[in-house]
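This is what each chain is made of:
Number of protein chains: 4
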Amino acid sequence: MHFASDNWAGAHPKIAENLSRHASGFASAYGTSTLDKALEQTFNEIFEREVAVFFVGTGTAANSLAQASIARPGGVTLAHRGAHIIEDEGGAPEFLTGARLQAVDGPIGRMNIDNLEAAVKGFRSGDVHAGRPMGVSITQSTEIGTLYELGEIAAVAALCRKNGLPLHMDGARFANALVSLGCSPADMTWRQGVDILSFGGTKNGCWCAEALVFMDPAKAQDMPFIRKRSAQLFSKSRFIAAQFEAYFAGGLWLDLARHANAMAARLANHITASSSLRLAWQPRANEVFAILAEETAAALHANNAIFYDWKPPHSERHLVGTNETLIRLVTSYATSAEEIDRFGRLIA
Amino acid sequence: MHFASDNWAGAHPKIAENLSRHASGFASAYGTSTLDKALEQTFNEIFEREVAVFFVGTGTAANSLAQASIARPGGVTLAHRGAHIIEDEGGAPEFLTGARLQAVDGPIGRMNIDNLEAAVKGFRSGDVHAGRPMGVSITQSTEIGTLYELGEIAAVAALCRKNGLPLHMDGARFANALVSLGCSPADMTWRQGVDILSFGGTKNGCWCAEALVFMDPAKAQDMPFIRKRSAQLFSKSRFIAAQFEAYFAGGLWLDLARHANAMAARLANHITASSSLRLAWQPRANEVFAILAEETAAALHANNAIFYDWKPPHSERHLVGTNETLIRLVTSYATSAEEIDRFGRLIA
Amino acid sequence: MHFASDNWAGAHPKIAENLSRHASGFASAYGTSTLDKALEQTFNEIFEREVAVFFVGTGTAANSLAQASIARPGGVTLAHRGAHIIEDEGGAPEFLTGARLQAVDGPIGRMNIDNLEAAVKGFRSGDVHAGRPMGVSITQSTEIGTLYELGEIAAVAALCRKNGLPLHMDGARFANALVSLGCSPADMTWRQGVDILSFGGTKNGCWCAEALVFMDPAKAQDMPFIRKRSAQLFSKSRFIAAQFEAYFAGGLWLDLARHANAMAARLANHITASSSLRLAWQPRANEVFAILAEETAAALHANNAIFYDWKPPHSERHLVGTNETLIRLVTSYATSAEEIDRFGRLIA
Amino acid sequence: MHFASDNWAGAHPKIAENLSRHASGFASAYGTSTLDKALEQTFNEIFEREVAVFFVGTGTAANSLAQASIARPGGVTLAHRGAHIIEDEGGAPEFLTGARLQAVDGPIGRMNIDNLEAAVKGFRSGDVHAGRPMGVSITQSTEIGTLYELGEIAAVAALCRKNGLPLHMDGARFANALVSLGCSPADMTWRQGVDILSFGGTKNGCWCAEALVFMDPAKAQDMPFIRKRSAQLFSKSRFIAAQFEAYFAGGLWLDLARHANAMAARLANHITASSSLRLAWQPRANEVFAILAEETAAALHANNAIFYDWKPPHSERHLVGTNETLIRLVTSYATSAEEIDRFGRLIA
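Chains as they are written, first to last, in my numbering: chain W, 1 to 348; chain G, 1001 to 1348; chain C, 2001 to 2348; chain X, 3001 to 3348.
Please note that the accuracy of each hint is not assured.
To be verified - Using 20 Å as the maximum straight-line C-alpha spacing, the simulated DMTMM-like pairs for lysine to aspartate or glutamate come out as follows:
(1) K1311(G) <-> D3114(X)
(2) K3311(X) <-> D1222(G)
(3) K162(W) <-> D127(W)
(4) K3121(X) <-> E1087(G)
(5) K3311(X) <-> D3105(X)
(6) K311(W) <-> D2127(C)
(7) K2121(C) <-> E87(W)
(8) K311(W) <-> E294(W)
(9) K1121(G) <-> E3087(X)
(10) K121(W) <-> E2087(C)
(11) K2037(C) <-> D1127(G)
(12) K37(W) <-> D216(W)
(13) K3121(X) <-> D1309(G)
(14) K1121(G) <-> D3088(X)
(15) K1311(G) <-> E3117(X)
(16) K1121(G) <-> D3309(X)
(17) K14(W) <-> E1017(G)
(18) K2311(C) <-> D216(W)
(19) K1219(G) <-> E2087(C)
(20) K311(W) <-> D127(W)
(21) K311(W) <-> D2222(C)
(22) K1219(G) <-> D2127(C)
(23) K311(W) <-> D2105(C)
(24) K2219(C) <-> D1222(G)
(25) K3311(X) <-> D1309(G)
Hints in this document: simulated from the structure, not taken from any laboratory. Being a predicted model, the structure only gives us computed values, none of them experimental.
Take these sequences, add in the hints, and give me the full structure.
Following this line, the structure appears as structure tokens:
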């Protein structure tokens, strides 16, 4: 029962097959091949507009280079306190930009819009001591398996526009959010006002396929140099393109995300039905958080359920009682209903 | 006739197959999987000692993080004027370290040992204005297809030891150099005094497999953090491990390099036999440099020979006459004898 | 009535005079002059041990270079949420180190020791995603005019020692804290376990005289290079040395701090006696914080009282009621009793 | 006989006096005081246009922040091989920008315009591997006491304009160059096409007064944040303003530079008359370079002549024979004719 992370899964067979299919033959390097160019066109189609796409190797890179593209001296990006770019990138966004991140609070993994507005207003124009805001970053789906509704994204974007701040979306689990909301990529991004997207493929069935997508190509003019100096320009870049080709073909990416989400919902049902666990909050994508007695968690571990105990988010730490623990259960394209039901029997 | 670069080839079938073989199943992420650990052991065996290995995504990353591991305030790394870290990394080594690089001249792609010694001695102890040396970097095989002999590596290493400087080897084409010299990996590295190696697999048949190898694991204690903050820690790291597994199995890597080198030698023979081209210098690995009339180069291009005109190295610029050009022809595991001979007929 | 900041004052006449006295004559540059060396010796005497001293130009530089001296990849320094290095350096500590700062809460400007311990323990060994602690920084006197007692410094230091973390003290108002506690420089620093001190002279009567003091010179070996690459090595460094010479001569620095503190106490007395203002917390050095109606603050401004309205510290924001404001009143060596009493009459 | 450097002198009495004059009284901090603003106006007058002025503490800072203001990802600034920003800033320009410097050769301390053009053309548009030019920097007067004629500056500027590159002038010895050419500050800068100037006052009689001058204020919008994050924003900034006030009053700065240059010319005359030394090249400002037998240099040192043996510039290294040495003799506002003549008698 593998619920540790969606990055514990490997690669979907169709993605592995496509890599094999493209293994032979010569192609120009550094993102200039026919396949690379074809996939750039696919991104245009998926987003229903001409976008600028940059393949990179890791989600950390996508998020950090997004920040680098908007960095300015004294700059500060605002993000949720529990955001990956604040808590889990090993300082890469700061190291690769020289800029700072500032935490904004809000329940269930999302910035409260009033807190965000207060944070933006907290910077006085020209105050070099405090610095100045340079952007806002949201995560969709969030670190804790929740979602921003489209209207909420639009509200954040409106605040950004008003203050001249670009809006970045960390979409490490973009597909999971998309199928959960049942909207289009364009709807979840630029139609609401998102400027830059970290488009993640790795957690949803690729080996290593991340893309930085600029909704306005004019804003990406420095990116080729930013990517190179950050050691993220791959010579045989088509190996990323080939993954994305299979990922998008026939809507595979959406099918994989739907499966992962369905498995999460099935898991949530088991938890709701159990008297020994309770859902910490309603899962909206492929991550389920539950609260249970520490000894119950230990017993589950002992019965080969693999998952992480999770540090309670700042806004939700009151939910976890004494001798209780919060656990995170992540599903993926590779999760089977059988696994879920085995876990269900264990907690019944 | 593809001679543009060894990174225009794709991935060897055995490497693609192995990726498919490892695509299913769950494995812990971020370099902690059983396969990752097994490959670390393989590196120990290949280098006949316990080494510290860090998988990264690009050669730029391997070289830059090697520099980061030895960086110190005011530090300067000495390398050949034509070295990749000086000319072709888009400033990544400087950007990711805050340190500087200083060019040392020498014929056919190798630092002259006297020039290197003079450069080291040029730094006076404690002179904060000029800075201080922090390391030396050599490329094996060099940017222009030549080699340092083992004794020459030892001489550079002796100078390094005497001055307390770590010695880095950029081994983007490590295997090509190895089979050319006919020695062991240990012989070409730590037995001569190399401390840190950028071990490249990509150019020799992998999709994307680079490793940073520290001969003394004690010198690599900061590397996990350096790698993460530089966005080079891959979640599904086993996709790199799987490539290396196939790469090393049955000595595939050496076979591929031998093939590439043999194709280069075959190409050199054609050039020697031709009256319209001449070898710029003797090729020792899988890169052949030739000098020819500009119009001849144009004619070759027109006949579907794909290669780059090359800026003559500083020390060899006198070799190229008026109306002549220097061209680079690179062979790889995927080059066929038929291609070579077709080119041979073209220049006969 | 100038209470905006102690950096609105100029330079004490004795300091200006000493600069004039040293204006003539030749002296070797970049911190090597006889006067520079003599002042280094004075620092040894003042701290009752051999220390390593580095003159720099600004408090931002002292604090940032202190961080640079302890920086390591993935590193995070812990400081109070309201600390100058977190809120008021324009990102310089992060920019000049590549490392991060993490806020720790605590009442009246001081880190709560339990919060600090929890923050340190929050980092799991080897967790590259979260990074690792690299140091702790305290401010003495604090940003809001309070103090760490000697025993409290010792407690922070003990926690640091236990976790292998160097302890930095931001002493922009070192002298004010010192005379308030009535202890020696050694008592307030290394005897309690402080490793690195930003020793500020500027706010207490110098033009521009800041020093970075390493209690263990062996820990300062990289500092000459760190200072130079950060553009903080002054050619005519003796102009800083000359300021410090006069600053220390006859205990001037302590006299100036005693005066500033006495003026603050006198001001606090006026506020206590007034019915229209109340002390936000007890002042311990040369900064007085008061809470009053917004309209009262406006009236004071209109009567030529110069001070800043202050953003309430996170832990004290509940103290300020609706339609109230928090104000900061800073005294200095140049503040006169007459000014204080004029303000006193205004609020009576 | 002090010829080691112009930064071995102290401060001119009038500058020290003015500091004393401004020592009392309160003034707003961080460059906002009346005096600061008045001096900004003075700079406008001196440059005959509205400029943006930023006071900083060191020449290293002025040069590095100039680079930071024009930095872009992958960027490279071109400067003479012997330029201070390349050889003598301890890596500060690279550290504070993340960008690189590239050396251009040329005789007697000045870039050869053809070499410069070749260097610019050496960057192919969009080549992320090599990076891209981001600016050009010239030094006036040069590191070795020579000058760019106005027409030569204009030629460099024309090349810059044509290639969209800002032109920076390192004016650590700006005044010395100015009085030597006998032109106005506007003539030597923006009228020829200089965009950014490091205006040095320290070497010419100030304690510590450097200014970064942007000929087009619109290009300086990020500078307040760049200066702060680089720890170069001085709280009691008026101590720099006060130096500049005295420096400019009654043309003192020009008088001091004329004196220093005259002393250099007098020294050159002695050398020309001597049979034991020869001028390395014709001095144009306040630095005289001479070639002499090593034993003669030793004898001069033994007779209390203080100067540095100098590493021969790359383009002039052929001038220095076996057993000979190149020496640098620097004069300043504080050099006396008596000192010069004493040296003259020594070498007669």
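Now the hints, each set against the structure:
1. With a C-alpha separation of about 18 Å, the suggested pairing of K1311(G) with D3114(X) holds against the 20 Å cut-off.
2. Restraint check: the Cα-Cα separation between K3311(X) and D1222(G) comes to about 38 Å, which exceeds 20 Å; the hinted pair is violated.
3. Taking the CA atoms of K162(W) and D127(W), the gap is about 19 Å. The hint holds against a cut of 20 Å.
4. Distance restraint check for K3121(X) and E1087(G): the Cα-Cα separation of roughly 15 Å lies within the 20 Å cut-off, and the hinted pair is therefore satisfied.
5. Taking the CA atoms of K3311(X) and D3105(X), the gap is near 16 Å; set against the 20 Å cutoff, the hint holds.
6. Proposed proximity of K311(W) and D2127(C) is supported: the alpha carbons are some 14 Å apart, at most 20 Å.
7. Distance hint between K2121(C) and E87(W) is fulfilled; the C-alpha atoms sit about 15 Å from each other, no more than 20 Å.
8. Among the hinted pairs, K311(W) with E294(W) is consistent with the structure: their alpha-carbon atoms are about 13 Å apart, no more than 20 Å.
9. Between K1121(G) and E3087(X) the alpha-carbon distance is near 15 Å, which keeps this suggested pair within the 20 Å criterion.
10. Straight-line distance between C-alpha atoms of K121(W) and E2087(C) comes to about 15 Å, which keeps the hinted pair within the 20 Å bound.
11. Simply put, K2037(C) and D1127(G) have alpha-carbon atoms about 18 Å apart, close enough for the 20 Å limit, and the pair holds.
12. Between K37(W) and D216(W) the alpha-carbon distance is near 18 Å, which keeps this suggested pair within the 20 Å criterion.
13. With a CA separation close to 16 Å, the supplied pair K3121(X) and D1309(G) stays within the 20 Å bound.
14. Between K1121(G) and D3088(X) the alpha-carbon distance is near 16 Å, which keeps this suggested pair within the 20 Å criterion.
15. For the suggested pair K1311(G) and E3117(X), the alpha carbons sit about 16 Å apart, so the restraint of at most 20 Å is met.
16. This hinted pair checks out: K1121(G) and D3309(X) have alpha carbons roughly 16 Å apart, not beyond 20 Å.
17. The hinted pair formed by K14(W) and E1017(G) meets the criterion: a straight-line CA distance of about 13 Å does not exceed 20 Å.
18. A C-alpha spacing of about 38 Å is found between K2311(C) and D216(W), which places the hinted pair above 20 Å, so the restraint is violated.
19. Between K1219(G) and E2087(C), the direct Cα distance comes to roughly 36 Å. Violation of the 20 Å bound is thereby established for this hinted pair.
20. Between K311(W) and D127(W), the direct Cα distance comes to roughly 35 Å. Violation of the 20 Å bound is thereby established for this hinted pair.
21. Distance hint between K311(W) and D2222(C) is unfulfilled; the C-alpha atoms sit about 38 Å from each other, more than 20 Å.
22. For a cut-off of 20 Å, the pair hint linking K1219(G) to D2127(C) stands: about 19 Å separates their Cα positions.
23. The straight-line distance between the Cα atoms of K311(W) and D2105(C) is roughly 19 Å, inside the 20 Å bound, and the hint therefore holds.
24. Using a Cα cut-off of 20 Å, the hinted pair K2219(C) and D1222(G) holds, with the two alpha carbons roughly 18 Å apart.
25. For the proposed pair K3311(X) and D1309(G), the alpha carbon gap of about 38 Å is over 20 Å, so the pair is violated.
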